[in-house]
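2 protein chains.
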Amino acid sequence: MEQKRNMTVGIVGLGLIGGSMAIDLARRGFASRVIGVEADPVNAAAAEKIGLVDRIVDFDDCMEQSDLIVLAVPVGTAVKMLPEVLDRFRSMEDDSPSARKMKKTVMDVCSTKEALVRAVHYHPLRGRYVATHPMAGTEYSGPWAAMPGLFDGRACIICDSQESAPDAVRTVENLYDTLNMRHIYMNASGHDVHVAYVSHISHITSFALALTVLDKEKNEKHIFDLASGGFSSTVRLAKSNADMWVPIFSQNRDNVLQVIDTYIEKMGRFREAIADDDEAAVRTLIEDANRIKRIIR
Amino acid sequence: MEQKRNMTVGIVGLGLIGGSMAIDLARRGFASRVIGVEADPVNAAAAEKIGLVDRIVDFDDCMEQSDLIVLAVPVGTAVKMLPEVLDRFRSMEDDSPSARKMKKTVMDVCSTKEALVRAVHYHPLRGRYVATHPMAGTEYSGPWAAMPGLFDGRACIICDSQESAPDAVRTVENLYDTLNMRHIYMNASGHDVHVAYVSHISHITSFALALTVLDKEKNEKHIFDLASGGFSSTVRLAKSNADMWVPIFSQNRDNVLQVIDTYIEKMGRFREAIADDDEAAVRTLIEDANRIKRIIR
Numbered sequence: 001m002e003q004k005r006n007m008t009v010g011i012v013g014l015g016l017i018g019g020s021m022a023i024d025l026a027r028r029g030f031a032s033r034v035i036g037v038e039a040d041p042v043n044a045a046a047a048e049k050i051g052l053v054d055r056i057v058d059f060d061d062c063m064e065q066s067d068l069i070v071l072a073v074p075v076g077t078a079v080k081m082l083p084e085v086l087d088r089f090r091s092m093e094d095d096s097p098s099a100r101k102m103k104k105t106v107m108d109v110c111s112t113k114e115a116l117v118r119a120v121h122y123h124p125l126r127g128r129y130v131a132t133h134p135m136a137g138t139e140y141s142g143p144w145a146a147m148p149g150l151f152d153g154r155a156c157i158i159c160d161s162q163e164s165a166p167d168a169v170r171t172v173e174n175l176y177d178t179l180n181m182r183h184i185y186m187n188a189s190g191h192d193v194h195v196a197y198v199s200h201i202s203h204i205t206s207f208a209l210a211l212t213v214l215d216k217e218k219n220e221k222h223i224f225d226l227a228s229g230g231f232s233s234t235v236r237l238a239k240s241n242a243d244m245w246v247p248i249f250s251q252n253r254d255n256v257l258q259v260i261d262t263y264i265e266k267m268g269r270f271r272e273a274i275a276d277d278d279e280a281a282v283r284t285l286i287e288d289a290n291r292i293k294r295i296i297r
Numbered sequence: 001m002e003q004k005r006n007m008t009v010g011i012v013g014l015g016l017i018g019g020s021m022a023i024d025l026a027r028r029g030f031a032s033r034v035i036g037v038e039a040d041p042v043n044a045a046a047a048e049k050i051g052l053v054d055r056i057v058d059f060d061d062c063m064e065q066s067d068l069i070v071l072a073v074p075v076g077t078a079v080k081m082l083p084e085v086l087d088r089f090r091s092m093e094d095d096s097p098s099a100r101k102m103k104k105t106v107m108d109v110c111s112t113k114e115a116l117v118r119a120v121h122y123h124p125l126r127g128r129y130v131a132t133h134p135m136a137g138t139e140y141s142g143p144w145a146a147m148p149g150l151f152d153g154r155a156c157i158i159c160d161s162q163e164s165a166p167d168a169v170r171t172v173e174n175l176y177d178t179l180n181m182r183h184i185y186m187n188a189s190g191h192d193v194h195v196a197y198v199s200h201i202s203h204i205t206s207f208a209l210a211l212t213v214l215d216k217e218k219n220e221k222h223i224f225d226l227a228s229g230g231f232s233s234t235v236r237l238a239k240s241n242a243d244m245w246v247p248i249f250s251q252n253r254d255n256v257l258q259v260i261d262t263y264i265e266k267m268g269r270f271r272e273a274i275a276d277d278d279e280a281a282v283r284t285l286i287e288d289a290n291r292i293k294r295i296i297r
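Just so you know, the protein sequences line up as chains S and U, in that order.
Position 75 of the first sequence, counted from 1, bears residue number 75 in the numbering used here, the numbering being contiguous throughout.
Position 197 of the second sequence, counted from 1, bears residue number 197 in the numbering used here, the numbering being contiguous throughout.
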């Protein structure tokens, strides 16, 4: 492989995703040095204590010292930060005595992609940015949720790769190879539609389920007693963090609204079939839903 | 313990629940003999091959030979079968030369309880029936889904136990002790309300999610590629069996409709907050839902 031997990776945001990347990129030798930026002082102290990165630095030092920058912040923040990073690359290019071409790369790991690629579409250094989405995670967040092996065997999506410089794409592909992820290539708007259906709606259904049950079951002991494995797994995502999900729903608003409408329509069909005592219709709905068996382990 | 040494347990329905009980009741010495009834010839052959029970018998032999009968069939079937079992007990009592008191016990393991207790409310042998619901399961069904340890550490609900003979309740409590289950006592109608909220709605939200995603994602490969752990766990219950769930929704119709309505209302609030770009409202909904963390592991 043509991977650089002395790669410094700078990770902005040392939460579940950024922190887990930091662990495996260092352990598996992709990065010779991993530095991190963490705006939240509590999270920064935790990341330092856990030893997620070689050093916690400020944003300027991270831009200066990193060959590859990973934006692992909530998507609302990333949309603002990404043009600033490319601007910073540009000023470094200008400052360079030999005016050598910029070889730094920036990637993001956010769950929506269209707003990001749109934010830098006309940027002269657009090619240094690679838009990605590793499909991995847990319902926990923060540096203490970071873990080795989080990405192993999962899929990562690389969006609009034709807009990125080939060497930048290659660097990012190498990174994901190190994390044992399958690559999938898509355009950003297609990505946002698909994740609305497969990921974002799952979170909304879990949040709504938690709200429904909490509303009814004022006696929390009953929930605990009666919650079998089925309920726990269905409601698990309702533990997910607002800082991450508020901007996702906002950025992917139109797709998410569309999928919510489809979902409410399906739920309405269940309601109607049950209300009508139409057992054949309930059976058909369940058997249609069972087709998911063929796809999901 | 005062448990009978030579207890024969007869299990009607050798699916996931009945089959798993058969395994542990024999292995852990609660039953000296476990016999089973299985109406479906394919399932009967599988149960025989796996060796779930000592012998597969017909319904009459099971009634005759068993000290404790476990109805582990879908609730619609159990509602018809339970009065027949008590009638059979009665005719055996009459046939007995010494007219000794009936000591056989019948219990069910269904997910709704009110229709069952109502079906035998005035039966002269009502006391021989114990209404129970072990809160355990997987999304798989049939004898091949049976496994040891399925019930360990979970809760079992015993309903309207004051209507059952004390020795019958004790036998059933001993059975659940053998399965390492915590006992919870409730009345049948309270049970049905609680499980609508904590269990039945989880299944409906999963079914609706599967239908939504399958509807949109005609390209099944995309679902597979993009499904991260979050989607899989949320949609897992959508694999559940129609034979089991159609009668549950039918028996628990009013409670299920009420919880669907609450759920649709919560989903509507999400929709509105996202449509209005009201990030503060989305955040409040998520943070309210996050309270489920305190209750569920």
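One or more of the hints may lead you astray.
Put simply, identical chains are the same to the list, so a pair is met inside one copy or across any two.
Stated by the list, open to error - 30 Å max Cα-Cα, derived DSS-like pairs, lysine-lysine:
{"no.": "1", "residue 1": "Lys80", "residue 2": "Lys103"}
{"no.": "2", "residue 1": "Lys221", "residue 2": "Lys293"}
{"no.": "3", "residue 1": "Lys49", "residue 2": "Lys293"}
{"no.": "4", "residue 1": "Lys221", "residue 2": "Lys103"}
{"no.": "5", "residue 1": "Lys49", "residue 2": "Lys216"}
{"no.": "6", "residue 1": "Lys293", "residue 2": "Lys218"}
{"no.": "7", "residue 1": "Lys103", "residue 2": "Lys293"}
{"no.": "8", "residue 1": "Lys103", "residue 2": "Lys216"}
{"no.": "9", "residue 1": "Lys221", "residue 2": "Lys49"}
{"no.": "10", "residue 1": "Lys80", "residue 2": "Lys49"}
{"no.": "11", "residue 1": "Lys218", "residue 2": "Lys103"}
{"no.": "12", "residue 1": "Lys49", "residue 2": "Lys103"}
{"no.": "13", "residue 1": "Lys49", "residue 2": "Lys101"}
{"no.": "14", "residue 1": "Lys101", "residue 2": "Lys293"}
Hints listed in this document are in silico derivations from the structure and should not be mistaken for laboratory results.
Hint by hint, here is what the structure shows:
1. Taking the shortest alpha-carbon separations for Lys80 and Lys103, only the intra-copy value of 22 Å comes in at or below 30 Å, while the best inter-copy value is 75 Å.
2. Taking the shortest Cα distances, Lys221 and Lys293 sit within 30 Å of each other only across copies (13 Å), while inside one copy they are farther apart (33 Å).
3. In the homo-oligomer, the alpha carbons of Lys49 and Lys293 lie at most 30 Å apart only across protomers (25 Å), although the nearest pairing inside one protomer, at 43 Å, exceeds that limit.
4. For the homomeric pair Lys221 and Lys103, neither the shortest alpha-carbon distance inside one copy (57 Å) nor that between copies (35 Å) is at most 30 Å.
5. Neither within a single protomer nor between protomers do Lys49 and Lys216 lie at most 30 Å apart by alpha-carbon distance, with minima of 41 Å and 45 Å respectively.
6. Taking identical chains as interchangeable, the C-alpha atoms of Lys293 and Lys218 lie at most 30 Å apart only when they sit on different chains, with a minimum of 15 Å there against 35 Å within one chain.
7. Within a single copy, Lys103 and Lys293 get their C-alpha atoms no closer than 46 Å, and across copies no closer than 44 Å, so neither meets the 30 Å cut-off.
8. In this homomeric assembly, Lys103 and Lys216 never come within 30 Å of each other (Cα to Cα): the closest approach is 57 Å inside a single copy and 40 Å across copies.
9. In this assembly of identical chains, Lys221 and Lys49 lie within 30 Å of each other by CA distance neither inside one copy nor across copies; the values are 36 Å within and 42 Å between.
10. For a Cα distance limit of 30 Å, the shortest separation of Lys80 from Lys49 inside one copy, 29 Å, qualifies, whereas the shortest one across copies, 63 Å, does not.
11. In this assembly of identical chains, Lys218 and Lys103 lie within 30 Å of each other by CA distance neither inside one copy nor across copies; the values are 58 Å within and 40 Å between.
12. Taking identical chains as interchangeable, the C-alpha atoms of Lys49 and Lys103 are never at most 30 Å apart, the minima being 32 Å within one chain and 65 Å between chains.
13. Neither within a single protomer nor between protomers do Lys49 and Lys101 lie at most 30 Å apart by alpha-carbon distance, with minima of 37 Å and 71 Å respectively.
14. For a Cα distance limit of 30 Å, the shortest separation of Lys101 from Lys293 qualifies neither inside one copy, at 51 Å, nor across copies, at 50 Å.
Checked against the numbered hints given earlier, this structure breaks hints 4, 5, 7, 8, 9, 11, 12, 13, 14; the rest are met.
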